[in-house]
Amino acid sequence: MTQIGTAGRRVREGLVASLALVPSVFVYGTVFGGLAVQAGLRAIEVLGMSLLVFAGASQFMAVPMIAAGASPLAIVLTTYIVNMRHYLMAATLAPAFATFPRAWLPLVAHGINDESFAVAVARQNPPDPWVFIGSVLAVSGSFIAGVTVGIGLGGLVADPARWGLDFAFPAVFLALAVSQLHGRADRLVALASGALAVLIALWMPGNWHIIVAGVIVSAVAALVRDAEGA
Amino acid sequence: MSGRIWLVIVGMAVVTYLTRAPLLLFLARRPLPPRLRLWLRMIPLAVLPALALPLILVARAPDGARAALGLGHPPLWGAIVVVVLASLRVNFLATVAAAVATVAVLRALG
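Chains W and R supply the protein sequences, listed in that same order. Residues 1 to 230 in my numbering are what the first sequence spells out, letter by letter. Residues 1001 to 1110 in my numbering are what the second sequence spells out, letter by letter.
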């Protein structure tokens, strides 16, 4: 009983620690839900994607590609590349879950997300599994709630291009990119990859420029940069 | 159309789960090698601009693609607004909204 008691308390601790993130995750979900509906996805598809994939950046990436009729293989591969960063989080979280009931791990794994990882690791490293789960509950709840509200709002705008809403996708990607840059070397990686992608997109149809530029530039950066600080 | 979208969604869900589950389920004990960690950290840094910049700077038409770099190209100004505001750590929604509004206003004027 005491153990369940402490677990419950730590789940609550994770929830409370994530409250500051709830508004921004909610808004992020709302923007996604609204734009996805605008791009022509049905409400059930937008909600289904948010529940099954539950990885914001890759969902934002997929919507304009779906709308433009990109090949499913290109969309799925790009999703994989964008989400490979989860390996990093899963590897860091794994030791914390060594004594955790194994049956729950497949579900816990699905909840891995940038925000909850940051919250749990910031509190203690290796992170506390229950605090992490509490944060996942707060983040997933506010994301799905945001998406639902966005689906409702997205149907209200009749002519998206007139309001510049077609520019929301590149704006989201660029804002996410800039928010991850720490220092000159990061900026160089971002600029090189963006420039290479533009060059490839100029002579190659389809969406392969994203994967090709992203993988090449990140790999070169990983080879030449000092790996110890990572 | 709808069946194709679900195919994409399920495919995305499967590959994303494959990035989350294996190392957690098999309780990886050792941290990943430093250079692999560095690469995994570099991927989003490289992929996001590779997604964004061609959407802004490349105009695609059925007869081919060309660079859209003119000062009269509203998305260029929208992009500048995003980079400035996001660098100043302005809130995500406000940043995106300001960029969208910039593009809408320039289009209305143009």
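By construction, these hints were calculated from the structure, which means they are not laboratory data. The structure presented is a predicted model; accordingly, all values stated were derived computationally and were not measured. Be careful, since some hints might not be right.
In silico contact screen, one side only, chain R against chain W (beta carbon under 7 Å); selected entries [claimed, not checked]: (1) Ala1013; (2) Thr1016; (3) Leu1025; (4) Leu1027; (5) Arg1035; (6) Ala1046; (7) Ala1059; (8) Leu1069; (9) Leu1071; (10) Leu1076; (11) Ile1080.
Glycine included, each C-beta is placed from N, C-alpha and C at the ideal position.
Hints and how they fare:
For alanine 1013 of chain R, the shortest C-beta to C-beta distance to chain W is roughly 4 Å, which falls under 7 Å, so the interface hint holds. The restraint placing threonine 1016 of chain R at the interface with chain W holds, with a minimum CB-CB distance near 5 Å, inside the 7 Å limit. Interface hint status for leucine 1025 of chain R: upheld, as the beta-carbon distance to the closest one in chain W is roughly 5 Å, under 7 Å. At its closest, the beta carbon of leucine 1027 of chain R sits 5 Å from a beta carbon of chain W; the interface hint therefore holds under the 7 Å criterion.
Given the 7 Å rule on beta carbons, the hint for arginine 1035 of chain R holds: about 4 Å separates it from the nearest Cβ of chain W. A distance limit of 7 Å between C-beta atoms decides the matter here; for alanine 1046 of chain R the minimum to chain W is near 4 Å, and the interface restraint holds. Hint on alanine 1059 of chain R is violated. Least Cβ distance to chain W is approximately 10 Å, over the 7 Å limit. At a threshold of 7 Å, the smallest CB-CB gap from leucine 1069 of chain R to chain W is about 10 Å, leaving the interface hint violated.
At about 16 Å, the closest approach between the beta carbon of leucine 1071 of chain R and any beta carbon in chain W exceeds 7 Å, and the interface hint on this residue is violated. At a threshold of 7 Å, the smallest CB-CB gap from leucine 1076 of chain R to chain W is about 11 Å, leaving the interface hint violated. Restraint check, isoleucine 1080 of chain R versus chain W: the minimum CB separation of about 10 Å is more than 7 Å; hint violated.
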